[in-house]
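Chains as they are written, first to last, in my numbering: chain A, 9 to 325; chain B, 60 to 613.
It is possible that some hints are incorrect.
In silico negatives: residues of chain A with every beta carbon more than 12 Å from chain B [said to hold, decoys possible]: (1) Ser52; (2) Pro182; (3) Arg233.
If you want the footprint, here are the derived chain B segments under chain A, 3+ residues with CB under 8 Å [as the list claims (entries may be wrong)]: (4) 164-172; (5) 489-502; (6) 554-560.
Derived by calculation from the structure, the hints in this document are not laboratory data. Ideal Cβ placement from N, Cα and C applies to all residues, glycine included.
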Amino acid sequence: MTRYLLTRLWQSAITLILASLVVFVGVRQLPGDPALAMAGEEASPERLAEIRTQLGLDEPIATQYVTFVGNMLRGDFGASTRTGTPVTDLIATTLPVTLWLAGYALIVAIIVGILLGVIAERFRGRWPEWVANGFALIGLSVPNFWLGILAILYLAVTVPIFPASGYVPIGEDPLQGLYHLTLPAIILGTSLAAVIMRQTRASMIETMKTDYVRTARAKGLGRSRVLFRYGLRNSLIVVVTIVGLQLGGLISGAVVTERIFALPGFGKLTLDAVFTRDYPVIQAVVLIITVGYIVINLAVDLLYSVINPRIRVGGSN
Amino acid sequence: MLPSLPRSSATRPRKRKIWIPLLAVGIALSTVACQQVQVVDDSPQGADVTSAPIGDQTIIEGGDLVMALSAEPDRLDPTTSSSLYTRYVMQTMCQKLYDIDAEGDIVPQLATALPEVSADGLTVTIPVREGVVFADGSEFNADAVRQTIDRGLTLTGSSRRSELGPITDISAPDATTVEITYAEPFAPLTAALADRAGMILSPQALASLGDAFGDSPVCVGPFKFVERVPQTSITVERDPLFYDAENVHLDTITYRIITDSNIRAANLRSGDVQVADSISTQDVGALADTDGIGILQIGSLGYQAFTINIGNTDGVGAAVGVIGTPLAVEAEIRKAFSMSVDRESLVSSVFSDWYESACSPISPSSPFSSDASEACPEFDPVAAKQMLEDAGVPIPFPITMEVTNTPDTLRFAQALQAAVVEGGFELSISPIEYSTLLDVQARGDFDALQLGWSGRVDPHGNMFNFLSTGGGNNYSGYSNPEVDDLLTSAAETNDSAERADLYGQVVEIVQEENPIVYLYRVRSLTGYTTDIAGVETFADGVVHLSNVAFVEAE
Numbered sequence: 009m010t011r012y013l014l015t016r017l018w019q020s021a022i023t024l025i026l027a028s029l030v031v032f033v034g035v036r037q038l039p040g041d042p043a044l045a046m047a048g049e050e051a052s053p054e055r056l057a058e059i060r061t062q063l064g065l066d067e068p069i070a071t072q073y074v075t076f077v078g079n080m081l082r083g084d085f086g087a088s089t090r091t092g093t094p095v096t097d098l099i100a101t102t103l104p105v106t107l108w109l110a111g112y113a114l115i116v117a118i119i120v121g122i123l124l125g126v127i128a129e130r131f132r133g134r135w136p137e138w139v140a141n142g143f144a145l146i147g148l149s150v151p152n153f154w155l156g157i158l159a160i161l162y163l164a165v166t167v168p169i170f171p172a173s174g175y176v177p178i179g180e181d182p183l184q185g186l187y188h189l190t191l192p193a194i195i196l197g198t199s200l201a202a203v204i205m206r207q208t209r210a211s212m213i214e215t216m217k218t219d220y221v222r223t224a225r226a227k228g229l230g231r232s233r234v235l236f237r238y239g240l241r242n243s244l245i246v247v248v249t250i251v252g253l254q255l256g257g258l259i260s261g262a263v264v265t266e267r268i269f270a271l272p273g274f275g276k277l278t279l280d281a282v283f284t285r286d287y288p289v290i291q292a293v294v295l296i297i298t299v300g301y302i303v304i305n306l307a308v309d310l311l312y313s314v315i316n317p318r319i320r321v322g323g324s325n
Numbered sequence: 060m061l062p063s064l065p066r067s068s069a070t071r072p073r074k075r076k077i078w079i080p081l082l083a084v085g086i087a088l089s090t091v092a093c094q095q096v097q098v099v100d101d102s103p104q105g106a107d108v109t110s111a112p113i114g115d116q117t118i119i120e121g122g123d124l125v126m127a128l129s130a131e132p133d134r135l136d137p138t139t140s141s142s143l144y145t146r147y148v149m150q151t152m153c154q155k156l157y158d159i160d161a162e163g164d165i166v167p168q169l170a171t172a173l174p175e176v177s178a179d180g181l182t183v184t185i186p187v188r189e190g191v192v193f194a195d196g197s198e199f200n201a202d203a204v205r206q207t208i209d210r211g212l213t214l215t216g217s218s219r220r221s222e223l224g225p226i227t228d229i230s231a232p233d234a235t236t237v238e239i240t241y242a243e244p245f246a247p248l249t250a251a252l253a254d255r256a257g258m259i260l261s262p263q264a265l266a267s268l269g270d271a272f273g274d275s276p277v278c279v280g281p282f283k284f285v286e287r288v289p290q291t292s293i294t295v296e297r298d299p300l301f302y303d304a305e306n307v308h309l310d311t312i313t314y315r316i317i318t319d320s321n322i323r324a325a326n327l328r329s330g331d332v333q334v335a336d337s338i339s340t341q342d343v344g345a346l347a348d349t350d351g352i353g354i355l356q357i358g359s360l361g362y363q364a365f366t367i368n369i370g371n372t373d374g375v376g377a378a379v380g381v382i383g384t385p386l387a388v389e390a391e392i393r394k395a396f397s398m399s400v401d402r403e404s405l406v407s408s409v410f411s412d413w414y415e416s417a418c419s420p421i422s423p424s425s426p427f428s429s430d431a432s433e434a435c436p437e438f439d440p441v442a443a444k445q446m447l448e449d450a451g452v453p454i455p456f457p458i459t460m461e462v463t464n465t466p467d468t469l470r471f472a473q474a475l476q477a478a479v480v481e482g483g484f485e486l487s488i489s490p491i492e493y494s495t496l497l498d499v500q501a502r503g504d505f506d507a508l509q510l511g512w513s514g515r516v517d518p519h520g521n522m523f524n525f526l527s528t529g530g531g532n533n534y535s536g537y538s539n540p541e542v543d544d545l546l547t548s549a550a551e552t553n554d555s556a557e558r559a560d561l562y563g564q565v566v567e568i569v570q571e572e573n574p575i576v577y578l579y580r581v582r583s584l585t586g587y588t589t590d591i592a593g594v595e596t597f598a599d600g601v602v603h604l605s606n607v608a609f610v611e612a613e
């Protein structure tokens, strides 16, 4: 296990270096000039030249890359070309927002998804299953941005239950913070809840047909105990895999949700940075996302063996 | 790959399956049916409404106002800023030497009178207020003005240099007098000082913050900076040291960045924000009919135009090159295009009359507007087609137009595409993202493109750089010595009537040669909730909140 972990960490480091190279070159291949985006309407040739010098864009690309990696290793990601704010500050303020949002959405999705999945299995062929299936259909087919706009229209304007926008840091005021995040989290979690519901239902149907479940029933265990202890627990392997795979989708889905609800998150930061060709910010956020993916994949692999001891990784027994 | 669902229901009665699509369709229909439908009034929408006056309403002192801002301001440093949205925020914190009023006229703000210009036009004297302090308590005086203008001229990264003109010296002979000396007469100075170049910065803060001034700006203003949460909001609070503090009613103003126009409108409806800028023409009709919401509107000083590349081969600012296409070579083809556009109908159909047609870079509301600058090319598609035949080019004549991929722009581009067919043109639309389009425009990698200019108070800012040979914004690559002379003369003359005449002559030439075909002018549409009053918007497009107050319901 330790050897496997070390191998995975080494592979991750290589991935990170390659990612930094791809990001650095890729960003510079984007059409559009950051100096132009920065200068806006005041884009005289002299002003543009001045900005390029200021940003180091007139240096050879290899020099720029070496500077970038050197600074990055020292924890210096530079400053936003647009607002002058250090990128580390931007990440420090936006990342928690997205993590809270994604975490909240994940909790909503897991609770709703598993609950509906169990209901769908338990009441197969009856109306609760159709309601659960209808939810899954809507959750998967209606885009986030549309759901978000409808939610604001009906749950913030027509019936003002939730705020239409705004953010309160959870650390400052936990209740207000969660209140402001509730609607965005529900919207963001909807599609994941739908996926989890479908997987839970499918997986439980398979599990409930297995011999050990039949044996458990034959032993006289109660229906609920069989359902939750044997059916649900064994079905969760698939659910955990799905959650792991979908976490990335949750973070990228946050881009749209944050934009709709004007949340100062990582997704919004990324989008704005791309639109304004804010190279330092784009580079930093893509690298952070890469690290996130690597860590999540690693965590999911490790979770496999924790949840189901029959599974061993790295070929060991 | 996800495992497929077991076909557990295969043996059940088939009719039950219909519930799923029915449920989905039902929900979809209910959501669509409940959408608010845009109400389009038959009456003309174009009357300016520039303020929601407090009048005899009862003011509630204090309160925290939230304004939804459609884009994030750049660095809050008036010297380096290049964003219109920074002006929104800065105007509550940083008063200027001059301001513009509801009529678009320039009026003194931190100055006490309009500038005095010497007979030779080379020396400009500006009297400034006394007894005023910055938000940090330090004294405002002529030397502070000198330092700010000097910073605009010398700071690396300054966006103000070209706006200030060819200044050779600036001095403060006493505490209330500033003297600026020019190498050549430069009439647009007063207008520049009514914008960011005229926002006077605290020398004490400049000394302590240096280049980081934009992180915590200090000026003379009704409000002072509190905090900026990147990507999210900027908050300012009432400055008790402000010289006119008794007319400031709010405790704080928070500018919340909400880029989507639908969401801004929804926030206004829900009362989460009290003011929202850049309301979409799609939303404004319905908002105007909503109880508790008012709309301010005023024509922009800028324009939206169809720019044709006639000589930009090596990038903007470089020497004019030769583009051999008929569109670039034949002025008659470009004129035929201009004559094919029924601007009034286009604006009416695409923007429900909330915007207005434009035929020149000078807004009709500008003091420099004249009959010549307001004249429009005749809409005559038959004559346009004949001109194409006379030019011996194939009909329909193909043109590719690059545009931004925003919904409003695309809707207009598609309407334009349909409109010019009658005149013998076949317009292809190539939508690209804004930053890319800026790059394409600067490199000259286009036949034609549609982009706008936000506008400046002085026509010099709307014309010189766009139409003079080698101008910093001359994306068309246009070069006409006669136009160059007229524009230079207009910049060096302080006689407003003479300047208006000179700019009018330029417009006449441009309408014949059409390097830029002016199409329409947006109107600044600002929504506000009626529990506040005192909000104003002027021709520079900036929403003024300094004297806003919450008022008691009538």
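Here's how the hints hold up against the structure:
no.	hint	verdict
1	Ser52	3 Å, violated
2	Pro182	18 Å, holds
3	Arg233	23 Å, holds
4	164-172	violated (count 0)
5	489-502	holds (count 9)
6	554-560	violated (count 0)
The earlier numbered hints that this structure contradicts are 1, 4, 6.
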